[in-house]
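A.B. asks: So the sequence lines, in the order shown, correspond to chains A and B.
Position 81 (the first sequence) corresponds to 81 in the numbering used here; numbering is contiguous.
Position 116 (the second sequence) corresponds to 116 in the numbering used here; numbering is contiguous.
Hints are not guaranteed to be accurate.
Taking lysine-lysine and the DSS-like style, the derived pairs with C-alpha atoms no more than 27 Å apart in a straight line are [unchecked claim]:
id, chain 1, residue 1, chain 2, residue 2
1, A, LYS61, B, LYS53
2, A, LYS36, B, LYS204
3, B, LYS53, A, LYS115
By construction, these hints were calculated from the structure, which means they are not laboratory data.
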Amino acid sequence: MKKYNLNWVEERPKKFYAEVSEKDFINAVKRLYKAKARFITATACQNSGQMYIFYHFEISKALYTLWISLKQEKIESISDIYPTANWIEREITELYGIKFSGKFLEPLLLTPDIKTPFRNE
Amino acid sequence: MNKKIKIIKLGPKQTELEEPFVVHIEEKAGKIKKAEVELGFLHRGIERLATKKNFYQNLGLVERICGYCSFTHSLAYVGAVEDAAEIVSPARARYIRTIVAEIERLHSHILWLSIITENLGFKSVIPKMFTLREGNLAILQEVTGGRIMYEINTIGGVLKDIKDPKKILKKVDSLLNTAKKVKELFEKDKKALEITKGLGVLTKDMALELGVVGPTARASGILMDVRKDFPYAAYKEILNPNYITLKGGDCYSRIYLRFLEIIESFGIIKKALTDLPNGEIIIPGAKVFPQIGVGIGRVEAPRGELFHFLITDSTNNPARLKVRPPSYVNLQAIKYILEGEDREKAQTIISSLDPCFSCTER
Numbered sequence: 001m002k003k004y005n006l007n008w009v010e011e012r013p014k015k016f017y018a019e020v021s022e023k024d025f026i027n028a029v030k031r032l033y034k035a036k037a038r039f040i041t042a043t044a045c046q047n048s049g050q051m052y053i054f055y056h057f058e059i060s061k062a063l064y065t066l067w068i069s070l071k072q073e074k075i076e077s078i079s080d081i082y083p084t085a086n087w088i089e090r091e092i093t094e095l096y097g098i099k100f101s102g103k104f105l106e107p108l109l110l111t112p113d114i115k116t117p118f119r120n121e
Numbered sequence: 001m002n003k004k005i006k007i008i009k010l011g012p013k014q015t016e017l018e019e020p021f022v023v024h025i026e027e028k029a030g031k032i033k034k035a036e037v038e039l040g041f042l043h044r045g046i047e048r049l050a051t052k053k054n055f056y057q058n059l060g061l062v063e064r065i066c067g068y069c070s071f072t073h074s075l076a077y078v079g080a081v082e083d084a085a086e087i088v089s090p091a092r093a094r095y096i097r098t099i100v101a102e103i104e105r106l107h108s109h110i111l112w113l114s115i116i117t118e119n120l121g122f123k124s125v126i127p128k129m130f131t132l133r134e135g136n137l138a139i140l141q142e143v144t145g146g147r148i149m150y151e152i153n154t155i156g157g158v159l160k161d162i163k164d165p166k167k168i169l170k171k172v173d174s175l176l177n178t179a180k181k182v183k184e185l186f187e188k189d190k191k192a193l194e195i196t197k198g199l200g201v202l203t204k205d206m207a208l209e210l211g212v213v214g215p216t217a218r219a220s221g222i223l224m225d226v227r228k229d230f231p232y233a234a235y236k237e238i239l240n241p242n243y244i245t246l247k248g249g250d251c252y253s254r255i256y257l258r259f260l261e262i263i264e265s266f267g268i269i270k271k272a273l274t275d276l277p278n279g280e281i282i283i284p285g286a287k288v289f290p291q292i293g294v295g296i297g298r299v300e301a302p303r304g305e306l307f308h309f310l311i312t313d314s315t316n317n318p319a320r321l322k323v324r325p326p327s328y329v330n331l332q333a334i335k336y337i338l339e340g341e342d343r344e345k346a347q348t349i350i351s352s353l354d355p356c357f358s359c360t361e362r
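For reference, chain B alone in the conformation it holds in the complex:
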């Protein structure tokens, strides 16, 4: 066997990697000795741009940080602005935000699961996943008017109401049945288990040391979920306080956890639609007055904790907007989980972290 160290550069344009980034790998005898991630292909200066626009114009800007979690970014942003301005949105608006956030989480998880199951060669599941995704996008379009960009969040509430929750509930029930069947297919598949079990292990101690968040952390046994730890929108009223966690910390755990979260999200959407309170969807006349202050918006994006920090001054523009997306932390785990693994498995391991580079680089 060849025992020389080979340097391999994966990316930025590579069919193995879905997004533009580079992984520098040192390989010896077929095993990865060292891996480093290189960024810098998608940086758009969003944070700088945000200081050139006023608080309302930034609602459209932050949605364009990412396509998978556009609503989540606008939810974190309005959370930060409403925190700085001490505005509390009406209950109906908070329920609608919860519903859209969970449908977006479903969309993100379903799309990612389609990609990773294709990587694993689990082709029978892919058509069902795309049917599920299409049903999801149709609900998003009905509720918000958009399939990827929604622009219904505003400071002090939401801009669009859910007129017929029962109609949406019927569609959600039908999608839930499909989702359960797909989950069962995955559970029964021994090949998927064989390929992913024990692969790319991120131990609990390492996950805590690195501060990873979201499903990546929960798949390593860490009890962490912003919806439960620091409830926002309507999660305090709706959510079951139990955490969904697994202990394996491997690729299988990270994949299977998302199936479990899909089922949980359907439950949250159904409860929110059933319990949707009457009332206004926006505070009439809510306005952000220029004042010096700070605000924090923190939400559970599909990939984990999304953190927006806002500094305001005596102008109508933010003095500073800091966005810390979940993938920014989770990607730093790549160099640890790739070490010692086979070079051919690198794509599956990296994909199992569900990285989003649009968010990471802003």
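Just chain A, with the same shape it has in the complex:
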């Protein structure tokens, strides 16, 4: 299904997933914001050294998840568009070491002597 200029796959009823490139990521988030999407949270994960982030939104009582495969461990922050993304971006930086460009993010959960505990080295 094509919506908000993205190709969505309906994995389950009212739960849509779409992959987005790093290049188109911020524009895709801006399009969702314009469509009055509510930002729920973001999930970072690592699989065999490759980092992914899943961004979860709700629009008109349906769930839309944008997922992105990171080439480098760096991505643009969306907290200028969605202020509530601030905490989850800080958490992802602490737990996985992924950096969000354009801002210095203070730690959220961990003491300074613990570094990226969720990462599989």
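Dock chain B against the given chain A, drawing on the hints supplied.
C.D. replies: Showing chain B alone in chain A's frame:
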């Protein structure tokens, strides 16, 4: 009046705050200019731990994220696993899950209302609230065998049946009468109204911008409730589609809304017990087979939308479990609603959001 900016640190060990966290406040002339929340005292690495245990072992783990909403976490988790594995629980199991979830919501709201009414000096209500809470816990013990941790949810159903719904219905009716009396006491109390009206206002626009959830959002006039928007368990069959909302967005609205939700929850429990369908409580032989996939479990916890996102791979353990509790979003509203308020009112305003740090920090 002293016009210098004072920096005050509330917490982590402070009688004003029930849980360990810090609020950094900049105060000038008795008014709060700026407030920031600092976390990091209760992080236990639950999400990381979940990848080290199999899907069934995680049922016990997720219940221990929080003591106020332990069943709700396990309900969201089984929702995510059953979504990934395409398992649909039997109808009787879904009704039992609804009943326990609502009794837990009652417990959470009643306990929180006891604390906040004590903060307001509304001492006549506190003994009645604790009697109500004790009655609630007794029902939970009868239904699940536990008062705080229940461990009756499993993948494909529940582990314990309700043998005598009529006996439980009688107890629920008696508690409902007490709850109505307490609600009336609060409605008539002018002091409570005076203290909390117009305090800590979160406007609808700000609430939408911040994406707050649950009673905090509904008290600001937002029509949002996962039980109605995205029905799970037996809510589609039972629930009245009308939202309970108030427009004030202040502390009074956030408190009074929970009284209204208590009455609604009693109604849901009574309907679920009356309409409890016959049948199995678990799918015989239901099993989660290792496969690559994703699943989302989303429930209306006492504090709002609880979101579990599961990624599965070809092993018996989750590849990733993400838990987004409601307080994680609602706490970010603290810095906005404290601005411009009196420093002495900070505790009441923070408490009115009903924050849960065990959930937030996992």
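A.B. asks: It remains to establish, for every hint, whether it holds in the given structure.
C.D. replies: Going through the hints against the structure:
Annotation: proposed proximity of LYS61(A) to LYS53(B) is violated, straight-line Cα distance about 32 Å (limit 27 Å). Taken as a hint, the LYS36(A) and LYS204(B) pair is honoured in the structure, with Cα atoms around 15 Å apart against an allowance of 27 Å. Note on LYS53(B) and LYS115(A): the hinted pairing holds, with a Cα-Cα distance of about 23 Å set against a maximum of 27 Å.
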